[in-house]
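Chains as they are written, first to last, in our numbering: chain V, 1 to 407; chain E, 1001 to 1124.
To be clear, the hints were calculated from the coordinates, so they are not data collected in a lab.
Treat the numbers as computed from the prediction; the structure is a model and nothing was measured.
It cannot be assumed that every hint is accurate.
What the simulated footprint calls covered on chain E by chain V, stretch by stretch (three residues with Cβ under 8 Å from a Cβ of chain V suffice, anywhere in the stretch; the number is not a length) [to be verified]:
#1 1046 to 1060
#2 1066 to 1072
#3 1082 to 1091
#4 1095 to 1106
Part of the chain E face toward chain V, derived, beta carbon under 8 Å [claimed, not checked]:
#5 ALA1035
#6 PRO1037
#7 ILE1043
#8 TYR1076
#9 LEU1109
#10 GLU1110
Just so it is clear, CB atoms sit at the ideal spot from N, CA and C, and this is done for glycine as well.
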Amino acid sequence: MKFVDEFRDAEAARQLAAAIHGAVTRPWTIMEVCGGQTHAIMKFGIDELLPAPVTLLHGPGCPVCVTPVELIDKATQIAALREVIFCSFGDMLRVPGTRCDLFHVKANGGDVRVVYSPLDAVKLARQNPAKEVVFFAVGFETTAPANAMAVYQARQTGLENFSLLVSHVLVPPALEAVLNSPDNRVQAFLAAGHVCTVMGYEEYHPLASKYHVPIVVTGFEPLDILQGVHMCVRQLEQGRAEVENQYSRSVRPQGNVPARELMSKVFRVVHRKWRGFGEIPRSGLGLAEGYRQYDAEIKFGVEAYSAAEDSECVSGEVLRGIRKPTECSAFGLRCTPEHPLGATMVSNEGTCAAYYRYRRTRVELASSSPLQPVCRRDTSLACPERSGGTADGDASGTPPEPFRSRP
Amino acid sequence: MAREIRGSKITQLPNYEITKFLRSWEVDSAYMCLAVPGKILSIAGADELRIGRVSFGGIVKEVNLACVPEAKIGDYVIVHVGFALSVVDEAEAQITLDYLRQIGELQALESGGGEAPDEVEKPS
């Protein structure tokens, strides 16, 4: 495919990696913000091409992962209603809520549907006037224009049986939260290319100068990421902290102006709770005053509901770049994409899922037996119930229960 | 078995050994934040209902083009969840590729033989 294949050239990647080796004199820690980039890094083994002093940390840029558990609960509550067709991106269906996930609701007779685009949900609402169609509007700035367009179209055509359950988050406040964290190790960022395609990168200049961090807007193909790392390393070695644009074939300094105008009509900036970070001020989008009748939280009266995060899953620390998935005792054993403990193992962009799929790891048994790769299908390994307190097998010393399908 | 594994430690492993175990999990499903370039085949409608037929390596989908008013037939657009976010700038793509080529030439010069190394060794 044009604009894809030429950015996957193995020879060029090798040369670029060699250039990075040549440029590095000291250890540097760089965070790639977007989950799509994390995925590409793991898939193509980019981290293994880099010199040892360069560490890539995986950032909070997976919208599914940072969606707080209470929103999942609100989604399952709404989806269980008889008059509702609940539409979502496929990633969200397996994210565990306090009691169950959306798949569970679907299995119990709820009308939960996976759609490719929010605009498909609008069509569905038009075709089913007797039903309430709710779309789970999760995402960063990349997804906001499409969701804004869905609501905009609904209002233009007088569609009343359509609403959004909004959990939109914004990247720059999250970067600031990472930088303000007392245990922050990040020295430079690869900013998310598609977020900047929409928003531009002007708002990153104050961040770069205030915290003295280089920020390189980076694309998603292997050569894009390697070039982004190279640009970061050069800045770090030269003591510069600027905003640079590697992904100039898609990103303009001011972003996509019509998309931003549409977003500012439909959405307003609100405080938002993030999994792993807690509430970050002015870090999300909610529906603007004129579009409140399309807010599913108001429509179905679930605004006031709140829930606490599960304490066993360390996804919060993974999202802040403090821990790597392999440093979690549940990783690949009690927590797998099929039976996730937390959202980072669910989403295709989640760091834990990327490690699970692509990372070359194996389990070294505590005894001195020879190294054995983990057989993921071995059902004799633990697969605890969500509700049964997944850690109790550990605490009591009893072996975890064998595989059981969900009730 | 499970008891032993619980007290275990995960270490790195060479690529080839584990790949076969993970193969069955390599599902190519749609990523939520993934946006891909596709070529516009035709355009219909106007304003917020400006819709294009866009080909992604032969797979054609309907895409909303409302926010890329400058896009015309034959252009490549970056598409996310059925919504075009930008028109790919061919000249800028070429600049990036030129930058990569220059780095390659520079590396070839530095390595002396005019030929790129077969592999890059990771210092331990």
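Against the structure, the hints:
Under a criterion of three residues with beta carbons nearer than 8 Å to beta carbons of chain V, the stated coverage of the region 1046 to 1060 of chain E is upheld, 4 such residues being counted. Only residues whose beta carbon comes within less than 8 Å of a beta carbon in chain V count, and the region 1066 to 1072 of chain E has 4; three or more means the coverage holds. Under the rule that three or more residues need a Cβ within less than 8 Å of chain V, the assignment of the region 1082 to 1091 of chain E holds, with 7 such residues. Evaluation of the coverage hint for the region 1095 to 1106 of chain E: fulfilled, as 9 residues show C-beta separations to chain V shorter than 8 Å, against a requirement of three.
For ALA1035/E, the shortest C-beta to C-beta distance to chain V is roughly 5 Å, which falls under 8 Å, so the interface hint holds. With a cut of 8 Å, the hint placing PRO1037/E at the interface with chain V holds, because the nearest CB-to-CB distance is about 4 Å. A cut of 8 Å between beta carbons decides the hint on ILE1043/E: the least distance to chain V is about 16 Å, and the hint is violated. For TYR1076/E, the suggested interface contact is upheld, since its CB lies about 6 Å from the closest CB of chain V, less than 8 Å.
Interface hint at LEU1109/E: violated, since its Cβ lies 11 Å from the closest Cβ of chain V, which is beyond the 8 Å cut-off. Checking GLU1110/E against chain V by beta carbon gives a least distance of about 7 Å; that is within 8 Å, so the hint holds.
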